[in-house]
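Order-wise, the sequence lines are chains A and B.
Under the numbering used here, the residue at position 4 of the first sequence is numbered 4, and the numbers go up by one with no gaps.
Under the numbering used here, the residue at position 80 of the second sequence is numbered 80, and the numbers go up by one with no gaps.
Among these hints, one or two may not hold up.
What the hints assert, rightly or not - Footprint (simulated), chain A over chain B, 3 or more residues, beta carbon under 8 Å:
1) 69-76
2) 166-179
3) 249-260
As the list claims (entries may be wrong) - Beyond 12 Å from chain A on every Cβ pair, some chain B residues (computed):
4) Val119
5) Gln138
6) His204
7) Leu286
8) Lys356
I should point out that these hints are in silico values taken from the structure, not numbers from a laboratory.
Because the structure is a prediction, the values reported are computed rather than measured.
Think of the CB as a built atom: it goes at the ideal place given N, C-alpha and C, for glycine as much as any other residue.
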Amino acid sequence: MDVIPDSLLLFWVFFGVICIFPAVYVGVKYRGKTQNAQKAGK
Amino acid sequence: MEFIVSIVGFLVVLFLVGVAVSKRIKTEEDWFVAGRNLGIIPLVGTYFATIVSTVSVVGYLGYYYKMGWGGWWNWAGTALTSLIAAMWFAERLRRFGQVTLPDFLEARYGRAHSIFGGVIILIAMLFFTSAQLAGSAQVVVTSSGVDRTTAIVVIGLVFIIFTALGGMESVAWTDTFCTVVILAGIWLLMFRAVGAAGGVGEIHRTLAKIKPTALDPFAGGGITVGVAISWILTWGIGNFGAPQFSTRIYSARDPETAAKSMGYTTISFLFFYLPLMLIALAGIILFPGIEKGDAVAPMMIGKLMSPWAAGLIMAGVLAAAISTADSVLLLAGTTFVRDILQKFSSRNYTSKELLKISRIATLVIGFLSIGFTIYTTESVMWIQANMVGVMGSTLSVVVLAGFAWKRANSQGALASMIVGLLTAIAWYALGKPFGWFPILPSLITGTITLVVVSLATPAPSNAVTDQFFSAGRKI
Numbered sequence: 001m002d003v004i005p006d007s008l009l010l011f012w013v014f015f016g017v018i019c020i021f022p023a024v025y026v027g028v029k030y031r032g033k034t035q036n037a038q039k040a041g042k
Numbered sequence: 001m002e003f004i005v006s007i008v009g010f011l012v013v014l015f016l017v018g019v020a021v022s023k024r025i026k027t028e029e030d031w032f033v034a035g036r037n038l039g040i041i042p043l044v045g046t047y048f049a050t051i052v053s054t055v056s057v058v059g060y061l062g063y064y065y066k067m068g069w070g071g072w073w074n075w076a077g078t079a080l081t082s083l084i085a086a087m088w089f090a091e092r093l094r095r096f097g098q099v100t101l102p103d104f105l106e107a108r109y110g111r112a113h114s115i116f117g118g119v120i121i122l123i124a125m126l127f128f129t130s131a132q133l134a135g136s137a138q139v140v141v142t143s144s145g146v147d148r149t150t151a152i153v154v155i156g157l158v159f160i161i162f163t164a165l166g167g168m169e170s171v172a173w174t175d176t177f178c179t180v181v182i183l184a185g186i187w188l189l190m191f192r193a194v195g196a197a198g199g200v201g202e203i204h205r206t207l208a209k210i211k212p213t214a215l216d217p218f219a220g221g222g223i224t225v226g227v228a229i230s231w232i233l234t235w236g237i238g239n240f241g242a243p244q245f246s247t248r249i250y251s252a253r254d255p256e257t258a259a260k261s262m263g264y265t266t267i268s269f270l271f272f273y274l275p276l277m278l279i280a281l282a283g284i285i286l287f288p289g290i291e292k293g294d295a296v297a298p299m300m301i302g303k304l305m306s307p308w309a310a311g312l313i314m315a316g317v318l319a320a321a322i323s324t325a326d327s328v329l330l331l332a333g334t335t336f337v338r339d340i341l342q343k344f345s346s347r348n349y350t351s352k353e354l355l356k357i358s359r360i361a362t363l364v365i366g367f368l369s370i371g372f373t374i375y376t377t378e379s380v381m382w383i384q385a386n387m388v389g390v391m392g393s394t395l396s397v398v399v400l401a402g403f404a405w406k407r408a409n410s411q412g413a414l415a416s417m418i419v420g421l422l423t424a425i426a427w428y429a430l431g432k433p434f435g436w437f438p439i440l441p442s443l444i445t446g447t448i449t450l451v452v453v454s455l456a457t458p459a460p461s462n463a464v465t466d467q468f469f470s471a472g473r474k475i
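Excised from the complex, chain A in its bound form (with noise of 0.2 Å):
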């Protein structure tokens, strides 16, 4: 056993998603939009 016991690997696996997804969501949503305002010349 090391730094993350396996029996807690799914556990991580699912606050990693939780706490990581939101944050990579809305980082790729909006990135299109931004630049595709900034093409527009908004």
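Start from chain A and add chain B according to the hints.
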């Protein structure tokens, strides 16, 4: 002495930041929603600091000490709120672009809903401000031995004055400062505690021998799957009925900033709850056998840290309490002026008058909460602890359904709010069966009532639903 210097220093800086930022306030919109000009940093800072209170630091540390990793389920719901808000809710609410949660209720359902919601929010925020002030004073009393009444008056005056002067703008920036202090204190304690226990890997290896339940996602049966789900649903959905959440979305510069800030808050929560858990796990090894959960944090801070470092950490605990208190005080002032006074009065106030009235109302409510806190009784403390649950039980279903279900109508929403409120009161009276918070049964009864009554009565007009279901979908 070090404690007093750290705490006084923190209060002075906080006051100066709050007053300095208040100079930007020119109109009532600046005061209510920071001129709708907050960027991602103050939005994440103020939302984080409002959610994290003294209970989150002292209470949760003790809880994790008892439960181990399984205790983490208690913040999964908070993360779920941010996830739903980032992906769907925040953009729509910000586009609607009003000031308070009752503004939304009025536009979507009707004036009666708005006033009903406003009264519930005002009562909840009055008690909640007092509860947070009591928590703040307790931190100072415990760490420095200052008289309780003096602590209540001094701390109360600091945040009441800057909140009255600067409204949301001051609250947002002082909260952001508090976020930095909270995280600095928690990370400092984590490095010391984890270091003393031999590092993260060693902590886990030791726990596997002396307390294996601490490494079980369900605390070796201490937390059932049902309880974990109830944590997630209670706060994941219940937070949508919390006006401190919606006010921050209204204050965003634009819908994109609102959604982005919600997306990034989950990471800020991870930066808080991860070190908090590691401190608790180290505590199990370093200080085994502490019976009272609330005693874990003072014991670890007192034994592990130098006096100056302990002072900084206690300032962080105080920051957690004050940053929640100023936010709920602001909401009490805003709700009184915007949702009670303006809706009952036929007079058209000018922007200058509204700003003046808002500041005076906040001062009066703040001073009332100081008196309330000094002369509190057990029954008042009971109401303080439970009123926020009652508010979430009444409002969360109709707020979410307002954007999610076009067919939800005025009659269904009013019935749902009443049934949600009555369910919460009944649940408390029954002594919280199954260990569930009242928000969970209220979500069930409120949702069923909303659906049944809405389908049995006429659909809302297009003029109403078009505000929330047509234009709102395009970014």
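These are the hints, each one checked on the structure:
1. With 3 residues carrying a beta carbon less than 8 Å from a beta carbon of chain A, the segment 69-76 of chain B meets the three-residue requirement, and the given coverage holds.
2. A count of 0 residues in the segment 166-179 of chain B with a Cβ less than 8 Å from any Cβ of chain A is obtained; the coverage claim is therefore unmet, three being the minimum.
3. For the segment 249-260 of chain B, the proposed coverage by chain A is satisfied: 3 residues have a C-beta within less than 8 Å of a C-beta in that chain, meeting the threshold of three.
4. The claim that Val119(B) is not at the interface with chain A holds, since no C-beta of that chain comes within 12 Å of its own (minimum 33 Å).
5. Interface exclusion of Gln138(B) from chain A stands, the closest Cβ pair being 30 Å apart, more than 12 Å.
6. For His204(B), the requirement that its beta carbon stay farther than 12 Å from each beta carbon of chain A is not met, with the minimum near 5 Å.
7. For Leu286(B), the non-interface assignment is confirmed: its Cβ lies about 19 Å from the closest Cβ of chain A, beyond the 12 Å cut-off.
8. Once the 12 Å rule is applied to beta carbons, Lys356(B) is consistent with being away from chain A; the minimum gap is 38 Å.
In the structure shown, a violation is registered for the earlier hints numbered 2, 6, in ascending order.
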